[in-house]
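Got chain D; can you put chain L on it based on the hints?
Heads up: the sequence lines are chains D and L, in that order.
Okay, so the first sequence: first residue is 1 according to the working numbering, each after it adds one.
Okay, so the second sequence: first residue is 1001 according to the working numbering, each after it adds one.
These aren't lab readings, by the way, just hints derived from the structure by calculation.
Among these hints, one or two may not hold up.
List of simulated lysine-lysine pairs, DSSO-like, C-alpha gap at most 30 Å [stated by the list, open to error]:
#, chain 1, residue 1, chain 2, residue 2
1, L, K1179, L, K1145
2, D, K65, D, K368
3, L, K1355, D, K169
4, D, K65, D, K241
5, D, K333, L, K1355
6, L, K1030, L, K1150
Each pair of labels, with its calculated beta carbon distance range [said to hold, decoys possible]:
#, chain 1, residue 1, chain 2, residue 2, range
7, L, M1291, D, Y343, 28 to 34 Å
8, L, E1233, D, H140, 52 to 58 Å
9, L, Y1331, D, H140, 52 to 58 Å
10, L, I1321, D, S339, 29 to 35 Å
11, D, L320, L, F1518, 36 to 42 Å
12, D, G292, L, A1113, 55 to 61 Å
Each residue gets a CB set at the ideal place from its N, CA and C atoms; glycine is no exception.
Here's the letter readout for the chains.
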Amino acid sequence: MSVAVSEAPVTFHLPVRQRLFGRREWIAFWAVVGFVLAATPICALATPASSPFYLSTYALTLVGKIMCYALVALSLDLVWGFCGVLSLGHGLFFALGGYAMGMYLMRSIGLDGVYHSPLPDFMVFLDWKALPWFWQGTEHFLYTLLLIVLVPGVVAWIFGYFTFRSRVKGVYLSIITQAMTFAAMLLFYRNETGFGGNNGFTDFKRILGFPIAAPGTRVCLFLLTFLVLAGSFLLCRFLVKSRLGRVVTAIRDAESRLMFLGYNPLGYKLFVWTLSAVLCGIAGALYVPQVGIINPSEMSPTNSIEMAIWVAVGGRGTLLGPIVGAFLVNGAKSFLTASFAEYWLFFLGAIFVIVPIYLPQGVIGLFKPPRTK
Amino acid sequence: MDRRFFWLLAAGFWLGLSSIAWALTPEQIKPLAEDDFDAKAEALDQVIASGDEAAQRILDALRDEQLYANKAGQILISHGDSYHDALTDGQVEAKADDLQPIELNNVLREKLATGLAGLQLISPDRAVRAHAIQTLLRSADSALKPLIDKARSSETDPSLRAELDQLWASTMLRAPDPKRRQDAVAMLEQRHDPQMRLVLAPLLGKQSDGTFIESDPTVRKRVEQVLASLEREEAEIQFVGTLFAGISLGSILLLAALGLAITYGLIGVINMAHGEFLMIGAYATYCVQNMFISYWPGAFDWYLLAAVPVSFLAAAIVGLILERSVIRLLYGRPLETLLATFGVSLILIEAVRTKFGAQNVQVSNPRWMSGGITVLPEMILPFNRIVIIGFALIVVLITWLVIQRTRFGLYIRAVTQNRRMAACVGIRTWQIDCYAFAFGAGIAGLGGCALSQVGNVGPDLGQSYIIDSFMAVVLGGVGQLIGTIVGALGLGVLSKLIEPFWGAVLAKIAILVLIVLFIQKRPQGLFALKGRSLEV
Chain D
1 MSVAVSEAPV TFHLPVRQRL FGRREWIAFW AVVGFVLAAT PICALATPAS
51 SPFYLSTYAL TLVGKIMCYA LVALSLDLVW GFCGVLSLGH GLFFALGGYA
101 MGMYLMRSIG LDGVYHSPLP DFMVFLDWKA LPWFWQGTEH FLYTLLLIVL
151 VPGVVAWIFG YFTFRSRVKG VYLSIITQAM TFAAMLLFYR NETGFGGNNG
201 FTDFKRILGF PIAAPGTRVC LFLLTFLVLA GSFLLCRFLV KSRLGRVVTA
251 IRDAESRLMF LGYNPLGYKL FVWTLSAVLC GIAGALYVPQ VGIINPSEMS
301 PTNSIEMAIW VAVGGRGTLL GPIVGAFLVN GAKSFLTASF AEYWLFFLGA
351 IFVIVPIYLP QGVIGLFKPP RTK
Chain L
1001 MDRRFFWLLA AGFWLGLSSI AWALTPEQIK PLAEDDFDAK AEALDQVIAS
1051 GDEAAQRILD ALRDEQLYAN KAGQILISHG DSYHDALTDG QVEAKADDLQ
1101 PIELNNVLRE KLATGLAGLQ LISPDRAVRA HAIQTLLRSA DSALKPLIDK
1151 ARSSETDPSL RAELDQLWAS TMLRAPDPKR RQDAVAMLEQ RHDPQMRLVL
1201 APLLGKQSDG TFIESDPTVR KRVEQVLASL EREEAEIQFV GTLFAGISLG
1251 SILLLAALGL AITYGLIGVI NMAHGEFLMI GAYATYCVQN MFISYWPGAF
1301 DWYLLAAVPV SFLAAAIVGL ILERSVIRLL YGRPLETLLA TFGVSLILIE
1351 AVRTKFGAQN VQVSNPRWMS GGITVLPEMI LPFNRIVIIG FALIVVLITW
1401 LVIQRTRFGL YIRAVTQNRR MAACVGIRTW QIDCYAFAFG AGIAGLGGCA
1451 LSQVGNVGPD LGQSYIIDSF MAVVLGGVGQ LIGTIVGALG LGVLSKLIEP
1501 FWGAVLAKIA ILVLIVLFIQ KRPQGLFALK GRSLEV
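Chain D with its partners taken away, still in its complex shape:
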């Protein structure tokens, strides 16, 4: 028996391969990259401190830190803006990457710690005699790079596999991710866990043999962060324009319908989720040497929710918006906490309330031409 099936191909009128950017956007992108790469070393190293163009170490660190946050916002936008999964636990992946880098930096202190011991100071303080197994090999930079990618990635994959498989989604998922980072924070607060308890890691001396506080090292870290951010932006843009990106967007908009069309969302979701966690871990790894400290408060649920508001402020689902949002919110934070410390939390709370209600498209949405209905 044969059933007659229509032979006519189904077409969606979508180009096979969408372009990443238009011509003007490409020019703007390369202009920004070129400008930052050229101007930063000159302004930070070759300009006298009295000049208005001088980039102080404080400013360098601040902007470098915010670029790490921007990378986090970008990775969060990938899952929230394009896949509809609002994670309130990305602080965990950020901190895991940071801790992986922190372990290497702690080992690089060598014998220069307070106790002049080959063990990190906090272990001497706890009267430990040998490194725990998970600290083995962390003195090698390449292995550390591997850890930075693998640890957040594997944790995210396992967590994602179990939650996505049971089709947990929406606010349920958000709450569970929040509980995940909360539990991890409690775990890392314990001294016995082996990551320095509530003090975490600090007092780093050098990275790859270079003194960590020297202006040259700072500029290198800054430029590296910038390049990673720009590269990740391109990667995310590439992803969301690809066929995979279109499936992911479809999951966001109508998961059940997509399943009826024969797709299994698990793999797509898992890929985007894990990639996002890895980007977040890399951001954390870049953050730690610049800020000079990592402790479990990075995993607090409040921190993770703040990350979501960077995305919301900038405009989710736009990739560029979250980067802008991270700069806006964190710029406001360092300005307000310096001058009106007691009002900062009121201000932050107000952003949380006002942006979803009155700026659903974020700041980027203000500059877009209103869509014709």
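Chain L in isolation, oriented as in the chain D frame:
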């Protein structure tokens, strides 16, 4: 018959009196002033054995280092600037230069300490006797046997008499006759006191020459049996205690989770500011307490009765405002609601911090809530926790009545099941949302009122409970009251059960892992509404 009984009683009375040694003589205590410590020890033994008022005076003075001897060998007690004779307590003229303080070595000091405790066994004050028995039970010493015998013959209080018997038994554990030792072990078993393990366990140890401290194998076997049964009893007591702590934690989670489950079921949003309703309820209780202190101090014990409705109303009003001003504008966008309500919670916490300060405020229990029921000597169930469990039960009952037996509850159920259909049959769904939200907030306010009686009240009070109550909702499922009840109590008991083994932190993590694994099997929670709708 009656007459004979009388004589028997009289004889017993006389015997009882005679067992107390005759009054001390100056010759007996004179060796205390000598340099020979053996003689001192003998004199001290006699003082202790006499057990009268003079003995008490002498021992107290020795303990306070106020005992002196003059050149004639008379023992004097110093009362600051005057001196009294140790035996007669009459004042004596003496010059400080003529007096020698009576000194002790470590052996004598130990003897003194046991003697003091032993003397308390026959104190006229019942509380002092009870305390002395408890002290001696923990350090049974066969040297005290004469004092204990004496106390047993004169003790009139039946419960203390029983405890003295146990004390006697624990000194008898070192008796030379194995039969009596076995009786002593049996008596200790009757006591059902886990502390007795400390007395029994050393008997199974070995001496330095390799022989057992308890030489008789049958007695040893008996001791082992009794130890095992005491251990079992202690485990049972601990289990009951854990269960109680778990239910107590669960009942607070329940109060927090009830409102959360209602609003989540109804509107499909999770209110991150829900924990702050707990906080508002607790601060409302604090304010009511302060008002009672300033205006009606006499009625302070009953301030909680006023605080219950006030905390409900305070939280409900804030909930109403929140629903009308924020949540309503974000209908159909649950993730954004999550963020906006988080912002509200930041603002509420910061506002309370500005108004009341960042420190915890003091909320005290009314007098009728302090103290507790002593179920077993080792376990006390505090009244405030019992009251809270009862309170949670009442609140659940009221909620159940509201949801199941009123028109408002009927509407809530209808909108939860099918919002559009409910709207079609004429229910004003927006009104139901509004009131249900306020109702849920009010219940959380009640939870805050309860919480203020057992925990600290500070601006971030809600934060520590909110994740756990979300987990209770996830576990129990949405839309049915029973789900929330089982979820909250189950979570409370489970975390208290795991805590003794792994500690509080790992227990939390273990529970999270369990919940993630659990929703693999039942994503809709333990109890869920059955329906045919499919989300897009």
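Hint check results:
no., hint, in the structure
1, L:K1179 x L:K1145, "18 Å, holds"
2, D:K65 x D:K368, "28 Å, holds"
3, L:K1355 x D:K169, "38 Å, violated"
4, D:K65 x D:K241, "29 Å, holds"
5, D:K333 x L:K1355, "23 Å, holds"
6, L:K1030 x L:K1150, "25 Å, holds"
7, L:M1291 x D:Y343: 28 to 34 Å, "30 Å, holds"
8, L:E1233 x D:H140: 52 to 58 Å, "56 Å, holds"
9, L:Y1331 x D:H140: 52 to 58 Å, "54 Å, holds"
10, L:I1321 x D:S339: 29 to 35 Å, "31 Å, holds"
11, D:L320 x L:F1518: 36 to 42 Å, "40 Å, holds"
12, D:G292 x L:A1113: 55 to 61 Å, "58 Å, holds"
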